[in-house]
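J.: Sequence:
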Amino acid sequence: MQYPLFKSSSHHWLTKLTITLAIASGVNTALFAMPRDSLAPLSQAIATETVELPAEAQKLVGTWQLTTPNNESEPFTMVFTPDGKLYLIHPTRNIGVTAEYQINSLNGETYLDVFQGSFGSRTTFSFNSKGQLILQQLFMPAAMQYASYTGNLPNIVGSVLMPNMFRLTRISNDTKLDANIDFPSSVSPASLARQIEAKTYVGSINRSHQAFFVENGYFTNKLDDLKIGIKSETENYKYQIVVLDNKKAVQHIGLAKTDNLKSYTGLVYTAPDPNSKDVIPIALICESQKPTRQLPPKFKLTSNPTCPEEYIDLSRY
Numbered sequence: 029m030q031y032p033l034f035k036s037s038s039h040h041w042l043t044k045l046t047i048t049l050a051i052a053s054g055v056n057t058a059l060f061a062m063p064r065d066s067l068a069p070l071s072q073a074i075a076t077e078t079v080e081l082p083a084e085a086q087k088l089v090g091t092w093q094l095t096t097p098n099n100e101s102e103p104f105t106m107v108f109t110p111d112g113k114l115y116l117i118h119p120t121r122n123i124g125v126t127a128e129y130q131i132n133s134l135n136g137e138t139y140l141d142v143f144q145g146s147f148g149s150r151t152t153f154s155f156n157s158k159g160q161l162i163l164q165q166l167f168m169p170a171a172m173q174y175a176s177y178t179g180n181l182p183n184i185v186g187s188v189l190m191p192n193m194f195r196l197t198r199i200s201n202d203t204k205l206d207a208n209i210d211f212p213s214s215v216s217p218a219s220l221a222r223q224i225e226a227k228t229y230v231g232s233i234n235r236s237h238q239a240f241f242v243e244n245g246y247f248t249n250k251l252d253d254l255k256i257g258i259k260s261e262t263e264n265y266k267y268q269i270v271v272l273d274n275k276k277a278v279q280h281i282g283l284a285k286t287d288n289l290k291s292y293t294g295l296v297y298t299a300p301d302p303n304s305k306d307v308i309p310i311a312l313i314c315e316s317q318k319p320t321r322q323l324p325p326k327f328k329l330t331s332n333p334t335c336p337e338e339y340i341d342l343s344r345y
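The sequence shown lines up with residues 29 to 345 when you count with my numbering.
The hints are simulated quantities; they were obtained by calculation from the structure and are not laboratory data.
Think of the CB as a built atom: it goes at the ideal place given N, C-alpha and C, for glycine as much as any other residue.
Hints are not guaranteed to be accurate.
[To be verified] Restraint-style ranges between C-beta atoms, simulated for each label pair:
{"no.": "1", "residue 1": "Pro110", "residue 2": "Thr197", "range": "40 to 48 Å"}
{"no.": "2", "residue 1": "Thr330", "residue 2": "Asp252", "range": "56 to 64 Å"}
{"no.": "3", "residue 1": "Gly159", "residue 2": "Asp341", "range": "36 to 44 Å"}
{"no.": "4", "residue 1": "Val307", "residue 2": "Asp341", "range": "15 to 23 Å"}
{"no.": "5", "residue 1": "Asn122", "residue 2": "Asn244", "range": "44 to 52 Å"}
[Unchecked claim] Within a straight-line C-alpha distance of at most 30 Å, the following computed DSS-like cross-link-like pairs (lysine-lysine) qualify:
{"no.": "6", "residue 1": "Lys250", "residue 2": "Lys328"}
{"no.": "7", "residue 1": "Lys276", "residue 2": "Lys326"}
{"no.": "8", "residue 1": "Lys255", "residue 2": "Lys227"}
{"no.": "9", "residue 1": "Lys87", "residue 2": "Lys227"}
{"no.": "10", "residue 1": "Lys276", "residue 2": "Lys250"}
{"no.": "11", "residue 1": "Lys266", "residue 2": "Lys255"}
{"no.": "12", "residue 1": "Lys255", "residue 2": "Lys275"}
{"no.": "13", "residue 1": "Lys328", "residue 2": "Lys276"}
{"no.": "14", "residue 1": "Lys255", "residue 2": "Lys305"}
{"no.": "15", "residue 1": "Lys276", "residue 2": "Lys227"}
{"no.": "16", "residue 1": "Lys227", "residue 2": "Lys204"}
{"no.": "17", "residue 1": "Lys227", "residue 2": "Lys259"}
{"no.": "18", "residue 1": "Lys275", "residue 2": "Lys259"}
{"no.": "19", "residue 1": "Lys275", "residue 2": "Lys204"}
{"no.": "20", "residue 1": "Lys266", "residue 2": "Lys328"}
{"no.": "21", "residue 1": "Lys326", "residue 2": "Lys266"}
{"no.": "22", "residue 1": "Lys204", "residue 2": "Lys113"}
{"no.": "23", "residue 1": "Lys276", "residue 2": "Lys266"}
{"no.": "24", "residue 1": "Lys87", "residue 2": "Lys204"}
{"no.": "25", "residue 1": "Lys318", "residue 2": "Lys250"}
{"no.": "26", "residue 1": "Lys266", "residue 2": "Lys250"}
{"no.": "27", "residue 1": "Lys113", "residue 2": "Lys158"}
{"no.": "28", "residue 1": "Lys326", "residue 2": "Lys259"}
{"no.": "29", "residue 1": "Lys259", "residue 2": "Lys276"}
{"no.": "30", "residue 1": "Lys318", "residue 2": "Lys266"}
{"no.": "31", "residue 1": "Lys158", "residue 2": "Lys87"}
{"no.": "32", "residue 1": "Lys328", "residue 2": "Lys255"}
{"no.": "33", "residue 1": "Lys285", "residue 2": "Lys250"}
{"no.": "34", "residue 1": "Lys250", "residue 2": "Lys227"}
{"no.": "35", "residue 1": "Lys227", "residue 2": "Lys275"}
{"no.": "36", "residue 1": "Lys326", "residue 2": "Lys275"}
{"no.": "37", "residue 1": "Lys259", "residue 2": "Lys318"}
{"no.": "38", "residue 1": "Lys328", "residue 2": "Lys227"}
{"no.": "39", "residue 1": "Lys275", "residue 2": "Lys305"}
{"no.": "40", "residue 1": "Lys285", "residue 2": "Lys305"}
Between the sequences and the hints, there should be enough to build the whole structure, so can you do that?
T.: Dropping the structure here:
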């Protein structure tokens, strides 16, 4: 049986789910991916009229503090709203992950189903004698979707998503959110794949320019000089080199050509070699916080350069 928490007219995308990640109770893995139709309750159409929340869903509504069994992570805040929204909020940063949830039952077992974009996840849940909510396992689907493409979990996630059991303690019945919390939008698999191209290319240009500087002692503004076979323009991105100082620093740019993609910029700069009197080229790569087609600001050349405004540091190597 399915207990809809919202009208299908405003959430029509749920009928277009193509992949469901099913998480079995106690199984610590994200490798089980299957079509949505393989989970019977998820394949049913959502009712066109909102019904009264079942008792299980009513007990979920409110603000909870989430901890792992061994208290290995900082306690997150999890908010279940009456209209089927779910928010996972980082305890110290003003960022969070948003999703939607439903309570479903199959063969006498009640499940919590969580949806993000084209992905979903499932877990069993219960309440103990202290009124705590026990989730056998839970992850935010889009976060795992991102991880499957990049090999990394977003910072909001950390290690908190993969333990075999969560214990949540109710903080309050209130579901009002702090207006200062930022909830980044989920990214489609297609956009993630395209962004990986740009991230990879900018990283390759960085590394090639490091080698070029070691061999030639200066930075070039010509992509062809690096001899790595990367074109200055692809279907989704434009790539360019901006020499900030031909002896000190060069900036590389992977600029998105469409509105739904993030842009990337890299820097190779020289720093003293602690083991000699020479200088060595150091590189970092940055990702725009939001999709953008605008050129990134130039890096400020300091002893320890950081990413331009509205960009985040992905790696320094």
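J.: Any hints from earlier that this structure breaks? Give me their numbers in increasing order, please.
T.: 1, 2, 9, 16, 19, 40
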